[in-house]
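**Q** Here is what each chain is made of, one letter per residue.
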Amino acid sequence: MFNRNEIIETIQMIRQENLDIRTITMGISLRDCACESGARSRQRIYDKISRYAEKLVKTGEDIERDFGIPIINKRISVTPIALVAESSDEKDYTLFAKALDDAAKNVGVNLIGGFSALVHKGYTKGDRLLVESIPEALAITERVCSSVNVATTKAGINMDAVADMGRIIKACAERTKDKGAFGCAKLVVFSNVPEDNPFMAGAFHGIGEPECVINVGVSGPGVVANAVRSLKGADFGTIAEVIKKTAFKITRMGQLVAQEASSRLKVPFGIVDLSLAPTPAIGDSVAHILEGMGLECCGTHGTTAALALLNDAVKKGGVMASSYVGGLSGAFIPVSEDAGMINAVNQKALSLEKLEAMTCVCSVGLDMIAIPGDTPASTISAIIADEIAIGVVNQKTTAVRIIPAPGMKEGDILEFGGLFGSAPVMSVSPFSSEEFIKRGGRIPAPLQSLKN
Amino acid sequence: MKAVITVLGCDRVGIIATITRVLADTNVNILDISQTIMQNIFTMIMLVDLSKMNVEFSALSDMLNKKGEELGVEVRLQREEIFTSMHRI
Numbered sequence: 248m249f250n251r252n253e254i255i256e257t258i259q260m261i262r263q264e265n266l267d268i269r270t271i272t273m274g275i276s277l278r279d280c281a282c283e284s285g286a287r288s289r290q291r292i293y294d295k296i297s298r299y300a301e302k303l304v305k306t307g308e309d310i311e312r313d314f315g316i317p318i319i320n321k322r323i324s325v326t327p328i329a330l331v332a333e334s335s336d337e338k339d340y341t342l343f344a345k346a347l348d349d350a351a352k353n354v355g356v357n358l359i360g361g362f363s364a365l366v367h368k369g370y371t372k373g374d375r376l377l378v379e380s381i382p383e384a385l386a387i388t389e390r391v392c393s394s395v396n397v398a399t400t401k402a403g404i405n406m407d408a409v410a411d412m413g414r415i416i417k418a419c420a421e422r423t424k425d426k427g428a429f430g431c432a433k434l435v436v437f438s439n440v441p442e443d444n445p446f447m448a449g450a451f452h453g454i455g456e457p458e459c460v461i462n463v464g465v466s467g468p469g470v471v472a473n474a475v476r477s478l479k480g481a482d483f484g485t486i487a488e489v490i491k492k493t494a495f496k497i498t499r500m501g502q503l504v505a506q507e508a509s510s511r512l513k514v515p516f517g518i519v520d521l522s523l524a525p526t527p528a529i530g531d532s533v534a535h536i537l538e539g540m541g542l543e544c545c546g547t548h549g550t551t552a553a554l555a556l557l558n559d560a561v562k563k564g565g566v567m568a569s570s571y572v573g574g575l576s577g578a579f580i581p582v583s584e585d586a587g588m589i590n591a592v593n594q595k596a597l598s599l600e601k602l603e604a605m606t607c608v609c610s611v612g613l614d615m616i617a618i619p620g621d622t623p624a625s626t627i628s629a630i631i632a633d634e635i636a637i638g639v640v641n642q643k644t645t646a647v648r649i650i651p652a653p654g655m656k657e658g659d660i661l662e663f664g665g666l667f668g669s670a671p672v673m674s675v676s677p678f679s680s681e682e683f684i685k686r687g688g689r690i691p692a693p694l695q696s697l698k699n
Numbered sequence: 046m047k048a049v050i051t052v053l054g055c056d057r058v059g060i061i062a063t064i065t066r067v068l069a070d071t072n073v074n075i076l077d078i079s080q081t082i083m084q085n086i087f088t089m090i091m092l093v094d095l096s097k098m099n100v101e102f103s104a105l106s107d108m109l110n111k112k113g114e115e116l117g118v119e120v121r122l123q124r125e126e127i128f129t130s131m132h133r134i
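Heads up: the protein sequence lines correspond to chains A and B, in order.
The first sequence begins at 248 in our numbering and counts up by one.
The second sequence begins at 46 in our numbering and counts up by one.
You may find that some hints are simply not true.
[To be verified] Listed below are the simulated DSS-like cross-link pairs for lysine-lysine, each with C-alpha atoms no more than 25 angstroms apart in a straight line:
id: 1; chain 1: A; residue 1: Lys426; chain 2: A; residue 2: Lys345
id: 2; chain 1: A; residue 1: Lys513; chain 2: B; residue 2: Lys47
id: 3; chain 1: A; residue 1: Lys562; chain 2: A; residue 2: Lys601
id: 4; chain 1: A; residue 1: Lys338; chain 2: A; residue 2: Lys368
id: 5; chain 1: B; residue 1: Lys111; chain 2: A; residue 2: Lys305
id: 6; chain 1: B; residue 1: Lys112; chain 2: B; residue 2: Lys97
id: 7; chain 1: A; residue 1: Lys305; chain 2: B; residue 2: Lys47
id: 8; chain 1: A; residue 1: Lys352; chain 2: A; residue 2: Lys305
If you are wondering where the hints come from, they were derived from the structure by calculation, not from laboratory data.
Just chain B, same shape as in the assembly (with noise of 0.2 angstroms):
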């Protein structure tokens, strides 16, 4: 199963590392990573694959928000399927 993260908020040290620190203790896949500056707004957006995950799906989603809630950001984590029935025929 893949999942995309994304990370939206103000710009700030360590959100890349802090986030991916849940992602490896989690052993959580990074496939895909990419990150800009979008209308003054830090934007991250991760495709991560989630077969091989130690923990249920809602607990990751409850850290990765819980590590957002610190830095100031929000981070969402959504299965990949919304984006590619949204966007692909």
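Okay, chain A solo, but in the shape it has when bound (with noise of 0.2 angstroms):
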């Protein structure tokens, strides 16, 4: 028999506690449509996304209705385009990325990614003219999303690609100037990228991931903040236990709706994915978690060690409430995306050097976060570094999601609307690290024993 009180919990997280599902992903891998010819390879391509997501969104759509729980977005990521247009006679691979476009635009999700190259150790010949023509992909799309994997704690940086990604970033932005550098919010750098991811703009379908899958990210923050603002005084102990309960929860409520897709549509179920993804709206703010435990704003002093444990405490309250759990996992920081981190910059309480140490405890990295048109690529690619070397060092995925926007210098806004939000342009060093990106090369990898 039913329970009131529990009936009404759950449907005052959705009601009031902006309570969802962020995404149900389906990961497709594009391994047999390689082929010689290039239009025959796109024309493979799009057939199979259309063929196997024909039925995706639908299906989203319906299980959102039987259990009443709203299911935001429905997506696809697909295997690195780089491994599947190698095989062909093709240089420019922004017709790949307009064919995923298309089949992206046919199935009906809002954005698909894949459009990726994985070259931690070195560039083939595919991810060269990948990487390079990201710029014109991703101006002349509108749902591909691509993303870079420069590092691994097994392989150490790949310095070249490093400074590759600044110039190409800056590229981006110039490319898609007369939309606020929108092409740099749909491009991820990574360190230790996960295969199973479904958040975008860094979703692939890793090379060891099945013929089709189901991953699902879950999000609430509302509901996590609510909770630790219901517990003025309490110590950290209790902190944490009530956001272990309220994860495990919100993770069981993802799992269901994992396992219902999976079922009807005949595919897998891949992972969950126990991330806390801001959205710009009200009462939907990470920032607001860390403020709820004492702060009096997000990016002050002991802003890392609420940070650290709000993620721990995800995690373990996640995992048991799921069979399979996996992605990016950790608390997201998304600057543009959250009410909280937008209001804590204007404050100019965090900064870009905070967010650093921030990401040192949570996944994922620096993401969605202006900084002056200006900034040098070299700059930029320093940025990166210093954040790909947390994660390799920590053998942990970090990534960088950056905006030079265009014509703009600190304290301007740029808004992109949507999801994804609006970001206050935060200031970078004015001092160069030029000569250190020009040498290019790698950085060996770390050593993982005698740790201090």
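Two chains, two frames, a set of hints: combine them into the complex.
**A** So this is what it looks like as structure tokens:
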């Protein structure tokens, strides 16, 4: 029999605290779409995505209605296109991005991830063509997302790729300057990239993944924030305990939706990603959880410790609620997509340096950060290098999604709208990293013992 | 298949009558019903059995929503599993 308070609690979470399933992402392998002829390869890609994901959006909507839980996004991730396109005679990979975009529009998903290359140790011919085509590809397509993995703990950091990505991000901003450099919001530079991440813009279908798979990303910063806020004066043990319980409940919802989607679509269930993903909506902010613990403003001293507790408790609670956990699984701190983070930057409480420190204890990285449009490419590369080094040394995923806002200076506001939000432009160091980045080569893999 | 119907809103005459009329017409059996006023909000929770219903789940959901709008209350029809999965190990 049901318990009234439990039912009311669930409805409260959905109705007032913005609890939702952030994304159902279908991973599709495109490895069998490689072909000598670029045109034929693209036709295979389009056909395969259209066939596999035909019912994805409809099924998502059905589940949403049956269970009364909002499912915000239905998305697709595919095999890194560099691996698929490489066999073809094609020199211009933007055509492959166009094929992905067309397929995404055909099946009705709002984003498709996988215009990607894995270059942590070096470039192949296809990787090079793909990376160079990113600015144009993201400018002419609407729904395609791109990612490049430039480092792993086992391989070290490919500093040539880091240098390239600074230049590519600048080119991307320039190519989409009429849209506020929106291309950069769809491009992520990774270290230790996960192969089963359902969240955009960094999602792709890894090479160890099956033919087709369903991954689900849950969300619910608002639910956790309210739970934490109700604990005025409680000690940290109590806070951790409450966050764990809340994360358990949120994740069970994700597990249920993932299983249901998997059985209705007859596609194996991959993972539930235990991330707290904020949105610009009021009451859906990770920063507000940290402030709920007693910080006057996110970014002040104590923020890193608060985030460490939050991130760990979410994982501990979530792990037991799902049979398979994977993806990024951590608290996201995208500046433009979190009302509390935006406020903290505007108040000058939160700086790029503090954000970098915060990424040491949570996934995922410097995310959705706007910097002045005249920032040199080498400085962007150096920001990437710092963030990637944190991931490589700490054996975790880190990423950079940074936007040099065209013509803007510190304090200006870059507006994207929708889920991407708006980002106050943050200052970067005026001192040059040019000579450092120019060196190129690889930073060797770090030692895995003698840890201190 | 079982589902939970919840009604939240301002109390007024005829809420239960209207909702149960829809259920009778669609051959949905009520297994449990409870009603209370929580923090000045009328709250009704019903557990129903949909195994013999004569319409689609979505049609029933739409009918209930429409009645809810007429009454000025929020009506939700949700499959029971969402509550059991969240609150039971």
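**Q** Mind checking the alpha carbons of lysine 111 of chain B and lysine 305 of chain A for me, to see if they're no more than 25 angstroms apart?
**A** Between lysine 111 of chain B and lysine 305 of chain A the Cα gap is close to 22 angstroms, so the pair holds against 25 angstroms.
**Q** Would the pair lysine 426 of chain A and lysine 345 of chain A pass a check requiring their Cα atoms to be no farther apart than 25 angstroms?
**A** 19 angstroms, holds
**Q** Given the hint that lysine 112 of chain B pairs with lysine 97 of chain B, does the C-alpha gap stay at or below 25 angstroms?
**A** Roughly 21 angstroms separates the two Cα atoms, so the pair holds.
**Q** Are lysine 305 of chain A and lysine 47 of chain B close enough, with their CA atoms no more than 25 angstroms apart?
**A** Holds, because 22 angstroms separates the two Cα atoms, which is no more than 25 angstroms.
**Q** Are the Cα atoms of lysine 338 of chain A and lysine 368 of chain A separated by 25 angstroms or less?
**A** 22 angstroms, holds
**Q** Are lysine 513 of chain A and lysine 47 of chain B close enough, with their CA atoms no more than 25 angstroms apart?
**A** Given pair lysine 513 of chain A, lysine 47 of chain B holds - Cα atoms ~23 angstroms apart, limit 25 angstroms.
**Q** Within a Cα-Cα threshold of 25 angstroms, do lysine 562 of chain A and lysine 601 of chain A meet the stated pairing?
**A** 23 angstroms, holds
**Q** Given the proposed pairing of lysine 352 of chain A with lysine 305 of chain A, does the C-alpha separation stay at or below 25 angstroms?
**A** 14 angstroms, holds
Hint compliance for this structure: no hint is broken.
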